[in-house]
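Between the sequences and the hints, there should be enough to build the whole structure, so can you do that?
These protein sequence lines are chains F and X, in that order.
If you count by UniProt numbering, then the first sequence holds residues 1 to 343, one letter each, in order.
If you count by UniProt numbering, then the second sequence holds residues 1 to 207, one letter each, in order.
No lab work stands behind these hints: they were computed from the structure.
Hints may contain errors.
[What the hints assert, rightly or not] No more than 30 Å apart at the CA atoms, straight line, and that leaves these computed lysine-lysine pairs for DSS-like:
| id | chain 1 | residue 1 | chain 2 | residue 2 |
| --- | --- | --- | --- | --- |
| 1 | F | K108 | X | K174 |
| 2 | F | K114 | F | K226 |
| 3 | F | K175 | F | K202 |
| 4 | F | K195 | F | K107 |
| 5 | X | K48 | F | K175 |
| 6 | X | K48 | F | K195 |
| 7 | X | K174 | F | K75 |
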Amino acid sequence: MLKVLQNKLNGRALLALLFFVNVSTHLHAQPEPLNPQLTQEEIEQYPVDSAQAWLTKMSQASRSLNFSITFVLLKPGVDSQPYLWRHGVTAEGIEMEELNLLNGAGKKALRVDKKVSYFEPNVPPYSLVSTTINGPFPSQFFRYPEKLFVGYDLVMVGKSRVSGRAAQQIRIISKDKSRYGLNVWLDQETGLLLKMNMFNLKNQLLEQIQVTGLQVTEQPDPFFSKIEIGMLPEVVNIEQNKKIRSPWQIGYLPVGMELVNRKLRRLSITSEVVEYVMLSDGLVDISLYIQENVKSKTTGRLVGANQTDTLFTIQNGPLNITIIGKIPAATANAIATSIQRQP
Amino acid sequence: MSQKFENLSALIDGEQLSSDDVIEAVKGDADLMQKWKSYHLIRDGLRKELPTELNFDIAANVAQALENEPAILAPKKTWRELPLVSSVIPFAKQGGQMAVAASVAVAMILGVQQMNQTDVEQPFNAAPPILGIKGGLSPVSFEQTRTAPKTDAIEQKRRIQAYLIDHKEQMRFKTFQAPVVDSDVLPIEETPINEGAESDIVESTPE
Chain F
1 MLKVLQNKLN
11 GRALLALLFF
21 VNVSTHLHAQ
31 PEPLNPQLTQ
41 EEIEQYPVDS
51 AQAWLTKMSQ
61 ASRSLNFSIT
71 FVLLKPGVDS
81 QPYLWRHGVT
91 AEGIEMEELN
101 LLNGAGKKAL
111 RVDKKVSYFE
121 PNVPPYSLVS
131 TTINGPFPSQ
141 FFRYPEKLFV
151 GYDLVMVGKS
161 RVSGRAAQQI
171 RIISKDKSRY
181 GLNVWLDQET
191 GLLLKMNMFN
201 LKNQLLEQIQ
211 VTGLQVTEQP
221 DPFFSKIEIG
231 MLPEVVNIEQ
241 NKKIRSPWQI
251 GYLPVGMELV
261 NRKLRRLSIT
271 SEVVEYVMLS
281 DGLVDISLYI
291 QENVKSKTTG
301 RLVGANQTDT
311 LFTIQNGPLN
321 ITIIGKIPAA
331 TANAIATSIQ
341 RQP
Chain X
1 MSQKFENLSA
11 LIDGEQLSSD
21 DVIEAVKGDA
31 DLMQKWKSYH
41 LIRDGLRKEL
51 PTELNFDIAA
61 NVAQALENEP
71 AILAPKKTWR
81 ELPLVSSVIP
91 FAKQGGQMAV
101 AASVAVAMIL
111 GVQQMNQTDV
121 EQPFNAAPPI
131 LGIKGGLSPV
141 SFEQTRTAPK
151 TDAIEQKRRI
161 QAYLIDHKEQ
171 MRFKTFQAPV
181 VDSDVLPIEE
191 TPINEGAESD
201 IVESTPE
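Here's what the structure looks like:
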């Protein structure tokens, strides 16, 4: 038995052990990144060739490279959605990013540094102050991947070929098994995303992003030079009201998930005022609605799905609690039942 | 001995170029077959791809069960085969079979009834609730896994639509500038965007 084990160690199946041996050779094989100073500094926090280093490299590449990517978003029950995603850094050092839905009337978002403008049919164009575009990607995945490190385990899986390029596969799994996982394939040369699969706790595919074309250029796309920054729509004002403490306390949050927003909202159809809470772990953002003393008797537990979003409603004492987002229903139940009056 | 394991290991790692020889060797060698299985298992473990339930060797278990099965031998001749007795026994047997059939039917009915009973205390229906992703194109389409009383259903639906629309709006207007820092007191805002802009966006909600 021991001898067999020893043979196994001497063999090559236990790749993990050999990562450390491979490190030195692999490092030299990598091309120099465009912005070596910052990259070195950022990547050196993590062991070389670790999943953390790869995600940092991805983040760095998607902020500093001039690239043009086409990808397709696939969701069950919905037609496939092709997108064009371009990014460039101008000679003045201003970051520009475009995300464009190519089918139908189209939706388009343009980010110039910290201003994101949205152009959509039937809606007057508007801008928000943000460093990320709200699109089909997990909200903060490219900009702040380090947020994931708290709540998720990262596993280096192996190398394969995606979109005709050599790819590094990384698996992202929630530490407490309370959220869906991700499989991402990153381009070995640039670190850019090639493919992303979201899967549930039974390893069934929920959502997929497949890159179909990737081009990295020296100069930013000529499209960016045509943009007249002064002509972009004005920033929508989000008024900050006085700070109030909510009487309700959320007892349970999944590992790595935190409260990013809390406010009162008036719902558009029913005109009811509810307390709104946004929770985020850097990968998924979920909405939590708390309503006290609902007049009608239309309460009770209800579980449903809207595309990949889970909708969960529960009556918890005097509260009607609704949770919407890309999380398993059991997790939504755990959060909802943990809400109590502040001591 | 170790060389053949070495070759197999290399094959599974994708480092062996000529795979035919090794596969031939595996076919004829029980040791190697065992290795083949455990190497793949190790790989899945390292990648955290192990299935939730591990059911190894169904075939082997079946084979083992057959092995332990008592052999059925031809019965000896007995007094039952006397002419009179042999004509009486079938009647008795038939009756017995009827009784067996009837009791099976009762058991089935009981079983079905039990299966159809819904557990009221259970938070979710037995079917996994998340998988019914048939939402279609409308942002407010919604499938219910539990029926509410009819009079309340419309009200319930309205509220859910309101929540779904608001969720979409929140996702649209969320902004991120830097990793959020923990703070004790959280600001509570009242309806952040002016009403006009809000209703405009709600009307459209494409996708």
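How the hints compare with the structure:
1. For the suggested pair F/K108 and X/K174, the alpha carbons sit about 16 Å apart, so the restraint of at most 30 Å is met.
2. Only pairs whose Cα atoms come within 30 Å are accepted, and F/K114 paired with F/K226 is accepted, the gap being roughly 19 Å.
3. As the CA atoms of F/K175 and F/K202 are separated by approximately 15 Å, the hinted pair is consistent with the 30 Å bound.
4. Restraint check: the Cα-Cα separation between F/K195 and F/K107 comes to about 22 Å, which is no more than 30 Å; the hinted pair holds.
5. A threshold of 30 Å between alpha carbons decides the hint, and for X/K48 with F/K175 the separation of about 12 Å falls inside it, so the pair holds.
6. Taking the CA atoms of X/K48 and F/K195, the gap is near 19 Å; set against the 30 Å cutoff, the hint holds.
7. The suggested pairing of X/K174 with F/K75 holds, with an alpha-carbon distance near 22 Å, which does not exceed 30 Å.
Hint violations for this structure: none, all hints satisfied.
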